[in-house]
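Colleague: Chain residues, written in single-letter form:
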Amino acid sequence: MRTPRKDCFHRIEPLLGKVEKPSRYLNHEWGAWEEQEGPFHACLIYPDVYEVGQPNLGLSILYEELNEQEGFSCERAYLPWVDMIGLMRERNIPLLSLETSSPVASFDLVGITLAHELVCTNVVETLDLAGITLLAEERDEDEPFVVAGGPSAWNCEPLAPMFDAVQLGDGERSLVAMSRCIRDGRAKGLSRSQILERLAGLAGVYVPSLYDVVVDKTSTRWGYAVPKKGSGAPEVVLKHCVPDLSSTNPVAQHIVPYMGVVQDRFAVEVLRGCARGCRFCQAGMTYRPVRERPASQVIPAVEEGLEASGFDECSLTSLSTTDHSECELIVRTLKGKLSERGVRVSIPSQRLDSFGVEMASLVGSSRKTGLTFAPEAGSQRLRDVINKNVTEDDLMRAARNAFRNGYRRMKLYFMMGLPTEQDEDLLGIPRLAEQVIKVGREELGPRAKVSVSLSVAVFVPKCHTPFQWAGQLPLAEVQRRQQLMLHAASDRALRITYHGSWPSLIEGVLSKMGRSGFDLVLAAWKRGCRFDAWADQFDFPAWQEAAAEVGIDLEDVACEQFDLQARLPWDHTSPGVSKGYLQREWRRAMQAEVTHDCTMDTCTGCGVCPNLGVANVVVGDRT
Amino acid sequence: MSSLPPNACRMRVRYIKDGRLAYLGHLEVMETVMRSIRRAHLPFEVSNGFAHRMRIQFSQALPVGAASRGEYYDLLLAEPLDVQEALGLLRESTPASIAPQEARLLPRRVPALEAWVGLSCWSVDVVAPGVDAATFDQKLEDVRERGAIEYMRGQKPKRIELARTLVSCKAKDTDQGTRLLLQTRSTERGSLRPAILVNAVCGCTPLRVCRDAQWHEEPDDTLVDPMQITLGANPERSE
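Protein chains in written order, with my numbering: chain A, 221 to 843; chain B, 5 to 243.
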């Protein structure tokens, strides 16, 4: 029987004085929906703490969309921090929603955002704390439908046994359709399995239980998924795509948190999709096509959102905001309207050219702190391999421009372990950074306090990218290459930081594995793994023990290179980009041949437009 | 428009903090108040520094978990306004649990709130086995005789002298336990938090803490309500 819906705040209130940051659990924020009558109740969960999950724009969009529908109410929940989880478990208090403090298990639909691979054990923790049966196939008729979505849903196989359905692509229309399907199915008295079959008929909805995993000689050891006979499920689930971003509500974020959250500002999505074609970038492939929101919609949306929320900063959010054809118009107009009111404008990423620096200078305050660029690789050859269409000259011009504009600090993002990488490519990273320092000293004087920070991450091959077949770097090789770079850096103005190689290895394992990866996730969770993305909580020995228990070697899994023709564990889902295009891009990468951006040149044949029946929407001219 | 002092461009607001929002930290309250002011479209001044921040001053921090009937902030205004209208706008734009209660225009140059308002009156409910008003008083005397309370704040050892910071404490029995009516004074060397005192006296955390009022103490021990400050009486300046 379904857990009864009732307000349980009185059960956690006595705990608030005993935990860190009690404001995580308070609700009643400005802008939160108060009327939650339903009768259809959905709860959207970001499986991490409030301050990480609350600023997620995707979740805000879905929350608003569902709440605006007649007869639907949507609440939020986040995973409590470990101190609160401990106290709740001691007292048998289940996971509660924020708005009405109702048990999450009492909802009709529970939606979980998969923001990255390392959230996997938190998903298990979330469902377990909520008291929802972990395996979808064992759930009672009356239990909530547990659905997942988000950027990391593209290889959801290692988590798939927990989900009744997975939403692929743009969720704002799709989640409403899924909710209606469940509501109507329940009203007609359909069984859970009948409702699942109906869900599988919706665009962009993948129902894992309707697929068998087959391992044969055409596949990798993780197999591939095929629809069960008679299920009616599609062989390949194409993502759902909103063709025109301007048809969506630009003011999606209404909730003003009390506590400081990781992105504490009002955000407007100015652009969805990116066609630059970086071969390592999953978002660049899965969010296509490019859809710009016109300046005529962005500017009033920012003003309206700021007035309603009271934020003193707005973010123009997208994968590549400075690529927006009306970026300069938007930034200059907003700057003119808002700076007198003490409101800052921010852009999440800078293009590596003088326009990027110009926009950064425009949005930045009069105190120039630092600029961040992502050349990603240390040599021109390797940048061509990954299709990062920037040259060393671009970087030096951007750096010179930045130093002339008063910046003194620069942060550069790189990856190690990219396909075809050699030591000379790696040694190019500190060399490039020292070149930037030299440019800084030329511009600001030999004694000027110029500094460059390098942040070097381990490359993790992701599904639905041209590099999905690549293997990851073994741990020992990561360490050798880290030392190589450290010893090559001589200038004191240069600082190098590395992402942890162990969490990257787990990320790689979960990116590679098929449905049997769930055994690993479960074994790790049973050993206490959760909050794996938090450095102080990540427990690598526990993961190693879990791997031993399920009979796999973590490095062996992550470092395996797949055959280009093999059927992959995620081939039954598609963001619209064709596998043929990805194979072609892999081959071009091996030849260090670049592929241009189709919003600035001709079609590159990725397949998204014909497969999804959509097209790039660029409101002005891109240069 | 109400009659305004000739150079009025500072608005003092008294607000409450109660319900579940008692668990907000001071920085969270400050941020929430500032966002409420922006939503109310009041003509606040911004600083000339690089960050262009709202010019606002708050009274002393309230501990997380403590409610209050008398918290204050001073907002510097770019232009005078009708204070009742402004109060109405603020109420509409602020969560009810930290709603503004009254507002008054003051001259621009008055003493900074945080340093000027130093005396706090608290009501504190304590429920501890074997502790009634008489035993509390007795144990409090023992603590007073030691002269100071030493405690840990996170990883840091702290020490608070009682002679200056604990002004008075009256305990009385209630149906549920013991109610303390406490007066504390903040000094340059620290402030006494009610929970620290209760813990030192009877080894428990209070059930409920509420700051009932805050006052300014004149040198002759006269208490001044922050909303009733005599204009131009004090030589200290906040700017």
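Hints were generated in silico from the structure; no laboratory data involved. Take these hints with a grain of salt, some might be off.
Restricting the straight-line Cα-Cα distance to at most 25 Å, the calculated cross-link-like pairs of lysine-lysine (DSS-like) are [what the hints assert, rightly or not]:
#1 B:K160 with A:K241
#2 A:K669 with A:K658
#3 A:K241 with B:K176
#4 A:K746 with B:K143
#5 A:K226 with A:K448
#6 A:K437 with A:K669
#7 A:K226 with A:K238
#8 A:K449 with A:K437
#9 B:K143 with B:K162
#10 A:K408 with A:K437
#11 B:K143 with B:K176
#12 B:K176 with A:K437
Colleague: Hints first: check each against the structure and report whether it holds.
Modeller: We went through each hint and held it up to the structure:
1. B:K160 with A:K241: 19 Å, holds
2. A:K669 with A:K658: Given pair A:K669, A:K658 holds - Cα atoms ~11 Å apart, limit 25 Å.
3. A:K241 with B:K176: Given pair A:K241, B:K176 is violated - Cα atoms ~32 Å apart, limit 25 Å.
4. A:K746 with B:K143: Roughly 48 Å separates the two Cα atoms, so the pair is violated.
5. A:K226 with A:K448: 39 Å, violated
6. A:K437 with A:K669: Since the Cα atoms of A:K437 and A:K669 sit roughly 59 Å apart, the hinted pair is violated (cutoff 25 Å).
7. A:K226 with A:K238: Holds, at about 24 Å.
8. A:K449 with A:K437: Roughly 21 Å between the alpha carbons, so the hint for A:K449 and A:K437 holds.
9. B:K143 with B:K162: Given pair B:K143, B:K162 holds - Cα atoms ~21 Å apart, limit 25 Å.
10. A:K408 with A:K437: 44 Å, violated
11. B:K143 with B:K176: 14 Å, holds
12. B:K176 with A:K437: Cα-Cα ~82 Å, so violated.
Of the numbered hints given earlier, the model fails hints 3, 4, 5, 6, 10 and 12; all others are met.
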